[in-house]
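S.K.: Here is what each chain is made of, one letter per residue.
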Amino acid sequence: MDRASSNLVELRDLKVAFDGVQVLHGIDLNVGRGEALGLVGESGCGKSVTWLAALGLLPGKASVSGSVRLDGQELAGGPREAFEQVRGGRIAMIFQDPSSSLNPVLRIGRQIVEALSLHRGLRGDPARREALRLLDMVGIPDARRRFDLYPHEFSGGQCQRLMIAMALAGEPDLLIADEPTTALDATIQAQILDLMIQLRAETGMATVFISHDLGAVSQVCERICVMYAGRIVEEGTVAQLFSEPRHPYTRGLFDAIPRIDGPRQRLIPIPGTVPNPKHLPEGCSFQPRCFRAVEACRGERPQLATSADGRQLACFRPVQVNEPVEARSRMTEDMLQ
Amino acid sequence: MIRFIAVRLLRALTTIFAVVTFAFVVLRMSGDPAQVMLGPDVPQEAVDAFRRSWGLDQPLWVQYLAYIRSIFTGDFGVSMRDKASALDLVLQRVPATLQLTLPALLLKLAFGIPAGVYAALHRQSFADRGVILLAVLGFTIPSFVMGLVLVLIFAVILGVLPSGGQDTWVHGILPTITMSIGGIGILARFSRSAMIEVMGQPYIRTASAKGLKWRDVVWNHALPNAAVPIVTIVGFMVGSLIAGAVVVESIFSWPGIGRLLIVSVSNRDLAVVQCILLIIAAAMVVSNLVVDLLYGWLDPRLRSNAAH
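Sequence order for the protein chains is Y and L. Numbering follows the working numbering, in which position 291 of the first sequence is assigned residue number 291; successive positions increment by one, without gaps. Numbering follows the working numbering, in which position 294 of the second sequence is assigned residue number 1294; successive positions increment by one, without gaps.
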């Protein structure tokens, strides 16, 4: 029970298959109270599916197994009502495409009030006042006048603010932000990130930030989890991963980020593409794209294990600390040819 | 909004005008009422006299202008057969037709939409497949076959329902059911696909993620969005309420508009046919107009498009 008290959410061996194709291969993940965790990886690596599965939001054709505990209480396999009580009230979620995530035929005020009455029993004037306060909090200007407008009368960035306001309505302990800034312009992205940081400071709610943008994740989060092909391959603090990425995939993600400061460098792309979940490569899923892969990587799949510095890593030949970029760059270019 | 309605009204009037003109020309090209009314053996003088008295000896465009002029004064002509006002003849039949089509419409709505929505929410289930199968059967079996099968079962074999006539409300049961089955199938199909489309939208996931109960997600978030395509079909059905059903009314010898239309066409009773077509066109156009206004009410995005 003492573990349950330290972690808000614990995922154990979470697996998801669509029509018999396994897309999530057993995820173990803890989210502490008030913690900000980043979930990083390319599209299709299972980072969104992990949390949709945890909240029971996947369509019926998905088969989910494993354990999802909230405050030590098991949710997985439970009745629909158990999920309905958790959603919005304990764990809220916002999505990638804010404009189509709001119901187009309902006024935005009503959509927020709906969440308030559901989770806090507010109705009528008090609900309206609280909704206006939330709209104010997420930075919707002139909220009083725009309370009765429809989602299409707001910009994409404002729709995401509305989504966040709606998520806050249930006073959740955890906010899952699933690529919340991907569909937005760069300047709006920065504003939404700032808003998330500020709200977390004000409310103390934990945040899981799902993104393929390492830079954005490192701004918001304390801990990062890197996923590849339905598995966690490396997990550690932002400082650990930034200063010494050990998994070649993590390293590759960092090398693919353009830098504003420092000398101009060529970006090093990760060769190849994400494997089809139907035909995962033998051994380590990343080995066909990996610049450090050896024969052993093709034969067996490395397990996630805790390293001396506390991070978790699933790699037989992790990147050496201070390994020069040039060597890798050469190898990558060889592979690309 | 006023401009929107004005544009639609103008378009509606144009449509009605086109229908009237088309009907006028085609009817006069397709046979001589004098021959049909008087029979093949009458002397030429009688035919000529008939034509003169109805103005059929005038050039087509003169007849047409006279017809249009009289329509604008509310005069829809006189039946060549009964010598009575065509409009009165048609209006007399309206209650009988509505007696069938209104209950049929209610049946379509009451069974078609719930069946489609249920199938969409239980996709790939046994019930879903059953609904699809019945819906396809419903709208592919022609109404004259369906009507005869129902007569065979309920009137001939079981002997529980009358096979024709309009004496009591019981006589209306079989024609009403025959008339509604195709529409139930169409509405079930449409509601199902509209609902499946909506249930896959991100805002439905948002509604679930919010913690709403499943039935609230369906009722408050999905159905209002699925209503737009369903309303289109229902509008079409409402528009054809008055047209009745030529085939079904004939099978069950029901004295409605459909029967009147058949008789009038075979008699070349020009004024009556034109009057019926005009009323049917007007009903269809009005219901389309109402549907357009409903779109705006149902979907705020369309409202602001129309305003611009």
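Source of the hints: derived by calculation from the structure; they are not laboratory data. Note that beta-carbon positions come from the ideal geometry of N, C-alpha and C, so glycine has one too. There's no promise every hint is true.
[What the hints assert, rightly or not] Simulated DEER-style distance windows between Cβ atoms:
# : chain 1 : residue 1 : chain 2 : residue 2 : range
1 : Y       : SER65     : L       : ALA1127   : 25 to 31 Å
2 : L       : PRO1095   : Y       : ASP19     : 53 to 59 Å
3 : Y       : ASP148    : L       : ARG1008   : 24 to 30 Å
4 : Y       : GLN191    : L       : VAL1290   : 14 to 20 Å
[As the list claims (entries may be wrong)] Keeping only pairs whose Cα atoms sit at most 25 Å apart, straight-line, the calculated SDA-like set for lysine to any residue is:
#  : chain 1 : residue 1 : chain 2 : residue 2
5  : L       : LYS1213   : Y       : ALA296
6  : L       : LYS1083   : L       : ALA1066
7  : L       : LYS1213   : Y       : GLN85
8  : L       : LYS1213   : Y       : ARG110
9  : L       : LYS1213   : Y       : ASP148
10 : Y       : LYS61     : L       : GLY1200
11 : Y       : LYS61     : L       : ASN1220
12 : Y       : LYS61     : L       : SER1193
13 : Y       : LYS61     : L       : LYS1083
14 : Y       : LYS278    : Y       : ARG264
15 : Y       : LYS61     : L       : GLY1039
16 : L       : LYS1213   : Y       : ARG266
17 : L       : LYS1213   : Y       : GLY89
S.K.: Now tell me if each hint is right for this structure.
M.R.: Hint-by-hint comparison with the structure:
1. A hinted range of 25 to 31 Å for the beta carbons of SER65 (chain Y) and ALA1127 (chain L) is consistent with their spacing of about 27 Å.
2. Against the hinted window of 53 to 59 Å, the Cβ-Cβ separation of PRO1095 (chain L) and ASP19 (chain Y) comes to about 56 Å, which satisfies the hint.
3. Roughly 26 Å separates the CB atoms of ASP148 (chain Y) and ARG1008 (chain L), a value that falls within the hinted 24 to 30 Å.
4. Look at GLN191 (chain Y) against VAL1290 (chain L): about 44 Å separates their beta carbons, and that is not inside 14 to 20 Å.
5. Between LYS1213 (chain L) and ALA296 (chain Y) the CA atoms are separated by roughly 50 Å; this puts the pair beyond 25 Å, and the hint is violated.
6. Distance check on the hinted pair: LYS1083 (chain L) and ALA1066 (chain L) sit about 18 Å apart at the alpha-carbon level, within 25 Å; holds.
7. Our distance criterion of 25 Å between C-alpha atoms is met by LYS1213 (chain L) and GLN85 (chain Y), whose separation comes to about 9 Å.
8. Pair hint LYS1213 (chain L) plus ARG110 (chain Y) holds up; C-alpha atoms about 16 Å apart against a cutoff of 25 Å.
9. Pair hint LYS1213 (chain L) plus ASP148 (chain Y) holds up; C-alpha atoms about 24 Å apart against a cutoff of 25 Å.
10. Restraint check for LYS61 (chain Y) and GLY1200 (chain L): the C-alpha separation of about 13 Å stays at or below 25 Å, so the hint holds.
11. The straight-line distance between the Cα atoms of LYS61 (chain Y) and ASN1220 (chain L) is roughly 24 Å, inside the 25 Å bound, and the hint therefore holds.
12. With a CA separation close to 18 Å, the supplied pair LYS61 (chain Y) and SER1193 (chain L) stays within the 25 Å bound.
13. Distance check on the hinted pair: LYS61 (chain Y) and LYS1083 (chain L) sit about 68 Å apart at the alpha-carbon level, beyond 25 Å; violated.
14. Distance check on the hinted pair: LYS278 (chain Y) and ARG264 (chain Y) sit about 39 Å apart at the alpha-carbon level, beyond 25 Å; violated.
15. At roughly 70 Å between alpha-carbon atoms, LYS61 (chain Y) and GLY1039 (chain L) are farther apart than 25 Å, so this suggested pair is violated.
16. Annotation: proposed proximity of LYS1213 (chain L) to ARG266 (chain Y) is violated, straight-line Cα distance about 52 Å (limit 25 Å).
17. Only pairs whose Cα atoms come within 25 Å are accepted, and LYS1213 (chain L) paired with GLY89 (chain Y) is accepted, the gap being roughly 13 Å.
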